[in-house]
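Visitor: Protein sequence lines, in the order shown, are assigned to chains A and B. Under my numbering, think of the first position of the first sequence as 1, with each following residue one higher. Under my numbering, think of the first position of the second sequence as 1, with each following residue one higher.
Keep in mind the hints are simulated off the structure, nothing from the lab. The beta carbon of each residue, even a glycine, is placed where N, CA and C say it ideally should be. Some clues are possibly wrong.
Some chain A residues near chain B, calculated using beta-carbon distances under 7 Å [as the list claims (entries may be wrong)]:
hint, residue
1, A133
2, F141
3, H152
4, L156
5, Q159
6, T259
7, G262
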Amino acid sequence: MSLKDKTAVVGVGSSQYYRRGQSLPQTTMELACKAILAAVEDAGLTVKDIDGFAYYSGGMDTGLLAQTLGIPEIRFSATLTAGGSGSAGSVGLAASAVASGQAECVVSVMALQQVPEARFGAAFAAKSGPYAAKPTPTSAFVTPYGVFAPGHFFSLITQRHMHLYGTKREHFAEVAISQRENALRRPTALHTKPLTLDDYFNARMISDPLCLFDYTMESDGAVAVITTSAERARDLRHPPVYVMAAAMGGDGRWGGGITWMGMPDDLFPTAGAGAVGRMVYERAGIGPSDVDVALLYDHFAPMVLLQLEDYGFCKPGESGPFVAEGNIRWPNGSIPVNTHGGNLSEAYIIGMTHVREAVEQLRGTAVNQVEGAEIALVTGGPSSIPVSALLLRR
Amino acid sequence: MSPRPAGAPPAEIANISVDSWTEPFWVAAREHKLVCARCASCGTFRMPPTPFCPNCNSQDTEWPELSGRATVYSFTIVRHPVTPELAANVPYVIGLVDLDDAPGARMFTNIVDCDPDTVYVGQPVQVVWDDVADGVTMPRFTPLTS
């Protein structure tokens, strides 16, 4: 059974986005509910229509959401394993639930509220507090070397890519600068000032070769997305945004991925998304040249480059020159990327803003509208398996 | 205990938890021996040690002692401390090294006793032993001279 075009995304909603810690004294649950209420309003539904939840990165307490919002019956509640790499996949999970008849209106939601006393990006270093990780036999081979943060892992992949292919910091800067340009036009974006090449090169180096502007920002907020059947979608407020295909997983040789780093030579300098890219295109019956706008998970600027390769927009090793030629720029690039500003410059809600932007693009209501956009790619990851991808069409 | 290598992260973070599959590595490290799990059935090396050979699923495991020579596969120079406890330790170099006589085995480590700006991909390195605390010894690597 194929998922193709059987379901559609019919509602998207967000809370306000905030700098890290600025969303207090609201609660995380409150932020999530604000996004869900905005999404049902956007769809022309009510909370009484919701009957399922499909999450990623730990998920939320479905019972408490039902209790808080007065949802009459839950028919589906599930979470993808791993972390932010499941953002696009959570919508695929929702689509699977709907297409298989288990539920009719499934919410995917991410609410992120980074508490002031601890930093998400130092997760592996925390000895106590909400992000603390207990030492394990596996972490003994990692953290005692001062390997604590996602930036450390991704700098190692980045360095290898630079060594093999001559990729340069100017190429990472092009990702950061182009996304900043996109963010500047969006009233929702937390970054409001232009980023110049000088700014980029003068920024502090964090985990060389990654500098401050290669890192996602730290922010608070929530985004919710509602998926329902294609049939029901046609009667709702907006034109349906159909789920062409979804995929989650990865090459088994990626293994423990970033916390292992034993990937074979052909996989190491990638975003670990090649297998998922092949799956999602095959299921949709299209190729990369059919995609009009790409919303690529951008926790680190160089990982946008590696995904351009994994998802077939350019050949392996050629993403640096590819972006230098202006290919990812809105509006005239061959494949505009992260037209909302992304995690780097709009807000970091662990990738769910990318789904929202894809829907706005395909409705024709995006701030940085790609003219005539018909197909959008949304990705989650790079990270541990499963990484995920979603192809949406209008 | 000998002096700790220059550029090694602080002792406080060398928190070693073990299970029956990883313990031989840390016991050997205490004796300043670098060992690596090798499948006794098909000869495939694996790092870190896990309960099964990913090639043939055998659990029979040998622990050959290695020369300690390795090659830098990738690295990062950490210039900004992720937590305040690391402030006195930056810059330090996180290295990923391929163990020369254990093909397929790669490990996280630190490249120590050298100028961080001289580290490069493909650099030959040699294990040095860092007696971090009583009963805790970490393998780190230093550039091979000569």
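Visitor: Quick one: which hint numbers does this structure break? Sort them smallest to largest.
Guide: 1, 6
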